[in-house]
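*Asks:* Here's the letter readout for the chains.
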Amino acid sequence: MSRVSRMTSSPGRRSLLRVVPPLVLLAVLAYLPYLPVELPGVLPGRVNGPGSMQLLATCLVFAGFALSYDVLFGRTGLLSFGHALFVAAGSYLLTISLSAWSLPLGVSVLVALGGSTLLALVVGAVALRVGGIAFAMVTLAFAQAASIVVLRDPGGITGGEEGKALPRSAVPDLLVGVQNAPYRYWLALGFVVVAIVVVRLLVASRAGHAMAAVRENEPRAAVLGISTYRVKLLAIVVGSFLGALGGVVHALVLGGSGPHLTTSEFTLSLLVMVVLGGAGRTWGALLGGFLYHYADARLTEASGSGLFESLPDGLRSVLGQPLFVLGIFFVLVVYFAPAGLAGIGGRVVRKAVRP
Amino acid sequence: MSSVLVLDDVHVRYGGSHVLQSVSFEVPDTGVTALLGRNGVGKTTTLKAVLGLAPRTGRITVRGRDIGGERTHRIVAGGVGYVPEDREVFGGLTVEENLRLVDPDAGADAPIVRELFPDLVDRRAQRAGTLSGGQQQMVALARVLLRENDLLLVDEPTKGLAPKLVTEVADVLARVATTTPVLLVEQNLPLVRRIADTVVVLDAGRVVHRGEARALVDDPALTTELLGVSMRREGAA
Amino acid sequence: MSDLVLILVTGLGLGALYFLAASGLSLVYGLMGVLNFAHGAFVTAGGYAAWLTMDALPNSLGVGVRLLVAAVVAVLVGAVVGVVVEVVLIRPLYLHHIQQVLVTVGLSLAAVAATQGIWGADPHPVEKPAWMAGTVELLGARLPVDRFVYVAVALALFAGLVALLRYTRLGLVIRAGVENRTMVEALGIDVRRTFTVVFGLGGAVAALAGVLYSQYAGTVSPGQGGSLLIYAFIVVVIGGMGSLTGTAVAALAVGLVQQLANYYAASGIGDLSVVLLLALVLLLRPSSLKGATA
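The listed protein sequences derive, respectively, from chains A, B and C. Under our numbering, residue 371 is the last one in the first sequence; the count climbs by one each step, no gaps. Under our numbering, residue 294 is the last one in the second sequence; the count climbs by one each step, no gaps. Under our numbering, residue 280 is the last one in the third sequence; the count climbs by one each step, no gaps.
Hint data in this document are derived by calculation from the structure and do not stem from the laboratory. Treat the hints with care, as some may be off.
[As the list claims (entries may be wrong)] Here are the in silico distance ranges between beta carbons for each label pair:
1) A/246 x B/125: 42 to 48 Å
2) B/179 x C/204: 54 to 60 Å
3) A/117 x C/204: 36 to 42 Å
4) B/118 x A/216: 52 to 58 Å
5) B/179 x C/55: 38 to 44 Å
6) B/183 x C/262: 54 to 60 Å
7) C/41 x A/246: 54 to 60 Å
8) C/125 x B/163: 49 to 55 Å
9) A/40 x C/204: 57 to 63 Å
10) B/183 x A/235: 28 to 34 Å
11) C/205 x B/148: 58 to 64 Å
12) C/204 x A/122: 48 to 54 Å
[Stated by the list, open to error] Here are some chain A residues the structure puts well away from chain C; computed CB gaps all over 12 Å:
13) 70
14) 134
15) 152
16) 242
17) 298
18) 338
[What the hints assert, rightly or not] So the derived list for chain C, only partly shown, Cβ under 10 Å to chain A, looks like this:
19) 23
20) 150
21) 261
22) 268
We treat Cβ as the ideally placed atom computed from N, Cα and C, and that holds for glycine.
The whole structure should be built from the sequences, with the hints applied where relevant.
*Replies:* Written as structure tokens, this is what we have:
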């Protein structure tokens, strides 16, 4: 799919148009913790209340997760089912460094990021020996191995099914406690900004062009002299680094690591997020991740709140399962809006701008 | 003279490239029609368009029946036999099994196989993947001839074959053409001269020449202009 | 010695279950190039169909009879589900392999959630015939009878599939289609009708795997199919994607390696050693997987 730019205005105005809306959005998001407004039905309590802040922070982390996965899937065309492995590695390595090894926070973050990136390099190097569908199966198997390790709780360091909490003393006071939810929110927002900048820089670089070439037509890219193996490995490493960074932030925002990050369900949901939002588009992936987690959290709440009370029993209990609703919605998107929500949005905006 | 196959304003687009650009020609209902042109001008794509193996627009009729919206297996079962480039026999299947795919009852026992390809009858239990190129070509031809066809589409049947085998393939095609019209993609001009009656020449996705086969092949200036080769540089058939 | 025999027999039994789960997946992948994530949902559907049927049948029938009837029902349910999924969801996306995978991913998520919504997230115990729950003595080891049942069913299925592929018209078309789908179509054969049949067959076999796996586990639960699916994936990749004999050998190897590692190393190492086996296979003989890259 080629996206032809239809902008006809001068380059200056064009870059202004590209930069201003995201900055305005960023400013609005950064201001939210000062907004004491209630949005009934949309957010639990006041916007700057701890419940809303925590929910929005997690949504932002998921937006970043989706963006990190899009480096592989949307930008390079790699159908990986193992991305959760690196998110989980970031999260668990941080928690373990802080709790079991009692390392300082800064060192722990470095251990988490370094360890996860190294893991990505090794796993990627092996899994890339096969392509296409086999690659998807192999990455899933590796992610599953991590899930098994975490659940076995070797030496009591992962906490098994219960997960492991961050030791309170090891984390700065600003990130702990109900009243400090806005700081965790800003941390999540900061992570998303970093992820956007890294992805933007990568996409605009020569490596990014090579990734796009591999996605569009791998044999042709190889003929053009691109080392497709190295390009794909680079995409895995960069995507996994961002995923691990997200895992670190996730652990700090939620105060620990849980085994749900290692499940194949989570790994599949990353794919769902990216496709829902629009693969290969920064805003698409971000929107997909954000909305996915929002819908997941709110649908669970809605089913408990008696919203479906008038429905027959069987239907109500099925609709009360967020993954059922999201799974069906996902299938519909694949059929009827293959470019995702960003694709629909893009069409609407273009229509509005150029009647 | 009526036509078995009519292409009218046929276009094929793959991704961003426009491979066939309004191709129109007719194939008469007797003899061999050769489809010629340099490499990459769209000869194979034209055959695939007829078969529905390439995404096409425009009107394509076989004996007056519009096959534009039909799926490949219906077109073939309806009487369009296809011998693809590089033979594409099923290498893991035996000769017999390759033939029984098309004709479940007779296979290598079919009279036409006994008559035209006695060698295959002897090798019926051999895996097709272990056959020589010439033998594989015979399998590819035989399995198409097991069906009653209105038309055969044959794509470079002599590519990579030794001269003796080229002659054998040409003989089979010439015999088949006495009962079934053939649209033949072929680079070997002496062979074209020997068995083809009419020619259609493509260049860059368009028809640039139609006429008698001999008239074209015997005109060095024209062959050089249209095909970039002259008769003398090709091997003899 | 007796421990080793027990380990080997359990490994064989597990390998048989893996083969049951993987063979349908491998067949579908080989012919259609579709990685069917919903295959796990087919397995779960089989397990639940059997469980519900056994519950619905009068207790006056013996457990064994009810299990047999339940298995037949489950296989039929699996076949119908497979056919419906192929016709409604897979066929419209013909040639769009990634989208096909995505659709089956969505379906598998929705199916697990729906199962949870209707029957709850907790496992339900499944009745086991007394003779299957018993043990036999062999080479000094007390061996659970059910392991032999799994092996027998897997062997019967393997023989049946081999016969189907080798001696029937459908099998001939499948073998040709695994090599070159387009050319089968270009010989005038409706290969897509074969796709539907094979998907139904895959669903039926998956459902059978679900019935036996729920017997092995003693329960049915929503996530059961998904966890078996991952081993089935590993088996399919090691077995060379689309080869039935390869799948059988790989299933056996995975089952044995897992059990041996669990016993001789430490509990839980078995699952990891399976992934390690996969990595080793990828590193040592990637060429055998080249055909699977499309």
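*Asks:* Any hints from earlier that this structure breaks? Give me their numbers in increasing order, please.
*Replies:* 5, 6, 11, 15, 18 and 20
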